[in-house]
Every structure is written in structure tokens, then in C-alpha cells.
Amino acid sequence: MSNMENTFVHRQSSHCETGVVANMLSNQGRISMSEPMAFGLASALTFAYLPFIKINGLPLIAYRMPPKSIIKGVAKKLKMTVHSQKFSNQEKGMEALDSELKLGRCVGLQTSVYWLPYFPEDMRFHFNAHNLVVYGKNSQGDYLISDPVFEDVVTCPADDLKRARFAKGALAPKGLMYVLEDNQEQVDFNELIYKSIRKTAKMMYGLPIPGISFFGIKGIHYLAKQILKLEHKPMKYTRLYLGNIVRMQEEIGTGGAGFRFMYASFLDEASALTGDERLYELSKLTTEIGDKWREFAMQAVLFCKKRQDISLHTIAETLQECAKMEKQLQTRLLSLSVLK
Amino acid sequence: MREDKVPQDNSPTYDGHKKLMYATDKEGHYTGVQSSGWEVESFATSMAVEDLQQLTLEAKAAVKTGELSPLAYHMHKHRFDIPNLSQVSGFFQWQVKRHLTPKVFNRLSQRKLEIYCDVFALSMRQLINIEDNNE
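The listed protein sequences derive, respectively, from chains A and B. Residues 2 to 341 (the numbering used here) make up the first sequence, in order. Residues -9 to 125 (the numbering used here) make up the second sequence, in order.
Since the hints were made in silico from the structure, they are not lab data. Cβ atoms here follow ideal geometry from the backbone N, Cα and C, with glycine treated the same way. Hints are not guaranteed to be accurate.
[Said to hold, decoys possible] BS3-like mimics (lysine-lysine), calculated; alpha carbons at most 25 Å apart, straight line: (1) A:Lys306 - B:Lys(-5); (2) A:Lys175 - B:Lys102; (3) A:Lys169 - B:Lys16; (4) A:Lys234 - A:Lys307.
[Unchecked claim] Over 12 Å on every C-beta distance to chain A, these chain B residues come out as not near it, computed from the model: (5) Ile72; (6) Ser79; (7) Lys102; (8) Gln116.
[Said to hold, decoys possible] Okay, the calculated beta carbon distance ranges per label pair: (9) B:Leu47 - A:Glu282: 51 to 57 Å; (10) A:Gly30 - B:Leu47: 32 to 38 Å; (11) B:Thr55 - A:Lys328: 53 to 59 Å; (12) B:Val94 - A:Pro121: 45 to 51 Å; (13) A:Asp160 - B:Pro2: 37 to 43 Å; (14) B:Lys16 - A:Gln29: 56 to 62 Å; (15) A:Pro121 - B:Lys93: 43 to 49 Å; (16) A:His84 - B:Lys93: 30 to 36 Å; (17) A:Gln141 - B:Glu29: 37 to 43 Å; (18) A:Pro235 - B:Lys93: 26 to 32 Å; (19) A:Gly58 - B:Val94: 20 to 26 Å.
Full structure from sequences and hints, please.
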């Protein structure tokens, strides 16, 4: 088999989807984009507590908008087109990938994490919405991959990649592959920044439907209440429940504190771009919010370690403080967009 | 979080890798910083991994005594539970539950066993005889 290698500059990111978008854009060369900027422009910051979606018996907690919304969101803002394809036939899906590579393109893929052999053993779970970029294939038939969460580029045998692309179950990728087409449209970054901030701020409170309290600030308060209810559950369940929250917040490539630090970084960069000093002040507030989330994670783990001075009340209170601070941030973000 | 406060705890769960974090530099502006791990996060990951390992060991013992079918061992070893094994295999949850009993499992058709072989990426021998799996 012949060697195929397209040029792709790899840059490590915190999170897979934002990393893929930012790297794809930067490699096109016209618009250089950082990962936090992609995250901010896609208005991806949120909070969701989804008790009806269970992963190994524990509720799903998300700190960002659902998979694929970031790629779509950024492309829409920049007036670019995402060409995506899904496949019912696995062989056809692999052939299509090869022909894209032959055309000199670097291709984004959605995959499962579990079947990627280059992942550390402890991080391999059945999560189907991972994103990566394939930029070539070597003479042994292994694919050359820029996986944004890794320090450097990696390789993956074809059989494993096929398995990862066609893993079944929740959020099944169905072989999804995509390329980003630049339509060479001019956009006003200042305008996009304020628009996306406004959208994030509006979403932060949660859905404006009574009775649904799983999202945004309402969702955080709701989770705090659930934590208090753990008192009546067996210790083993409580430990796994709290551990699950910490993992969703820290382990799943969020850049720390469930994307709060990444959003703070976006506000910092946005302040420099627009010259708006207020955005920098809000970046500082978001950093404090992130620090509070980290404190919450630490307390939750200390509780699991059975430290006497930490109770479920302490943990729930810290979480409620996070919610209060996010309310402040929301108010200030909204007043900001009123002026514009 | 400040750049110098980014934890560098050499977490075993990272397996020698480093993750990118966002933190503020001396001037108070954001920058990317590599982290070799955070003890808090690593503890949470290990708890989840140990729980799965425990389930796998228990299933292995139960397969040996004939209480559960080999499917129970493979399910836990590959980090599935009944709901997601049902989604992945296309069987209903009640079917998966029945397949976990040796009596039903031993009578499964070749076709159904092949579905499980495909789900776990195992040969038929490895699926039926758990001693053929290295661990």
C-alpha cells in the first residue's frame, strides 16, 4: 500500500470537537482560530443535568451543547459549509475516507473512544461522540490521525478505526465524516462575538418552560438538591454518583471546570479583539466561577474519601454558590449585549 | 486558575499523557498549559474503573460456579451494562438478561452468538470459553 500524507498542523486542544474545528480552520489558512474562540462563537457553554439518560446507571451531566452543535455553530457563523456523510455500509465508509485523503483533504470523523487503541486504558469508555482528523495513511495501511486531545499526532490500524467509526449504541457515529468548505465570505468578528455571547447568556438560565429544571442555572440548583437526597442512598452509590459528576466536569476534556476556564479564555481573547475592557472583567469573573467548580469537585472527592469535615451539605452549598455566581455572570453578559 | 496552580500530579489514569488546560499567566491573560494530571480527577476516574473491574471479577467467579453465563463476564470486561449492550447488540434488554443465564446462553443459536462475537470483537472460542481470554 502506498503512503499518503496530507499536510496538517496538529495543535493540542482540551476538547475534541472544538479542537477539530479550530485546527481545521487554522489549517485552511485564511482564518486562524483558537480553540476557546471556536467554543465561544458556537455559544457552546451550558449546563445540563439529564437524569433520564443513564450511563452505567448514572445520570448524564453536560457542561456544553450537544455533539455536532459546535462544528455546525462555527460553520454557520463563518458562513462556511460542512459537507458531511454517513454510511450504512462499513466498507464504503472506509473507501470514501480513502478517496477523500487521495484528493488531498483532511477529514473529520466522529468515533467511539472505546475502540481507539491509542487511548489510555482508563479513559476508554463507550462514548460515541469523539472527534478527530485523519490526514493520511502510511505504507502499513494505518491511518495518520490528528486527535486534538493528544500532545502529538497518532496512528491507528484500519480495523480499529473502522470499529470506532461504526460503533453502535447511543450517539452512534454511523461512520460520520466531514470536511469544512470555506466559501471565502467576509465576516465581522466583533459582531459575531457579541451575538454569540448574547445567545450564551440567554441560554444560561435554562429553558423558559415551567417544570423543566434540568438546564442552566436552574439545572445546577436541581443537581444540588439531588446531592442532598443522596443521604438516603447507600454509600457505594453516593460515591459513584459524585465521582461521575467530577468525571463529566474534569476528565472528559473540558479544559478544566467543565469548560468554564475555556469560556473565560474566550472572553479574554474577545476583549483583546474588540478592545472592550468589560469583556476582560467578565473573563475574570468566569475564572472565579471555574475556581468554584474546581472547589466543588475537590469537596466531592474528599467526601468519597470519607473525610469527616465534608458533608453532603457542604458540597451542595458550594454547587449553589456556583449557580449564584453564574447568575451574576448572566446578568452582566446580558446588560453587555443591550448596550451593543 | 493561575498557570502556576495547574496541578501536575502525574496521574496514572493519564498513562504518561498530558492534557491541555486553560489558565491565566502573570499578566492575568489566558494561555494553554499542559497538565500531567489532577489527583481529584484521577481519584474519580479510578473509582469508576475499579467498580467495573470489581464487577468483572465477580462475574468471572459466577461464571465458574455456573451462576452466570460467559456473556456476563464479557459484558463487564468490555465496560458495558445491560442497557447499552442491548443498544449495541440489537437485542432487547429482557433478551440480554436471559442470555446472562447459562441455561439460555448454552442454547443460543450460532447466529445470535456471532452477534455477540462481533460486539466484543472476539472469536467464538473466546466468547464461549472465558479461560481463553488473557487476564
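>> A cut-off of 12 Å on Cβ-Cβ distance, and Ile72 (chain B) was said to be off the interface with chain A. Does that hold?
In response: 10 Å, violated
Is 56 to 62 Å respected by the C-beta to C-beta distance linking Lys16 (chain B) and Gln29 (chain A)?
At roughly 33 Å between Cβ atoms, Gln29 (chain A) and Lys16 (chain B) fall outside 56 to 62 Å, so the hint is violated.
Quick check on a hinted range of 26 to 32 Å for Pro235 (chain A) and Lys93 (chain B), using CB atoms only.
31 Å Cβ-Cβ, so the 26 to 32 Å window holds.
May I ask you to test the hint 37 to 43 Å on the CB atoms belonging to Asp160 (chain A) and Pro2 (chain B)? 28 Å, violated
Test the statement that Gln116 (chain B) is away from the interface with chain A: the closest C-beta pair must be farther apart than 12 Å. 16 Å, holds
Review point. If you check the beta carbons of Gly58 (chain A) and Val94 (chain B), does the distance land in 20 to 26 Å?
Key: 23 Å, holds
Given the proposed pairing of Lys306 (chain A) with Lys(-5) (chain B), does the C-alpha separation stay at or below 25 Å? 23 Å, holds
* To do: Starting from the hint 43 to 49 Å, judge whether the C-beta atoms of Pro121 (chain A) and Lys93 (chain B) obey it.
  => For Pro121 (chain A) and Lys93 (chain B) the Cβ distance comes to about 39 Å; the hint is violated.
* Supplied distance hint 30 to 36 Å, evaluated on CB atoms of His84 (chain A) and Lys93 (chain B) -> Check failed, 51 Å falls outside 30 to 36 Å.
task = Using the beta carbons of Gln141 (chain A) and Glu29 (chain B), state whether their distance is inside 37 to 43 Å or not.
result = 39 Å, holds
Is the straight-line distance between the alpha-carbon of Lys169 (chain A) and that of Lys16 (chain B) 25 Å or less?
Roughly 47 Å separates the two Cα atoms, so the pair is violated.
For this session: Using the beta carbons of Leu47 (chain B) and Glu282 (chain A), state whether their distance is inside 51 to 57 Å or not.
Result: Taking Cβ atoms as reference, Leu47 (chain B) and Glu282 (chain A) lie about 53 Å apart, which means the hint holds.
In summary, the structure is inconsistent with hints 3, 5, 6, 10, 12, 13, 14, 15, 16 from the numbered list given earlier, while agreeing with the others.
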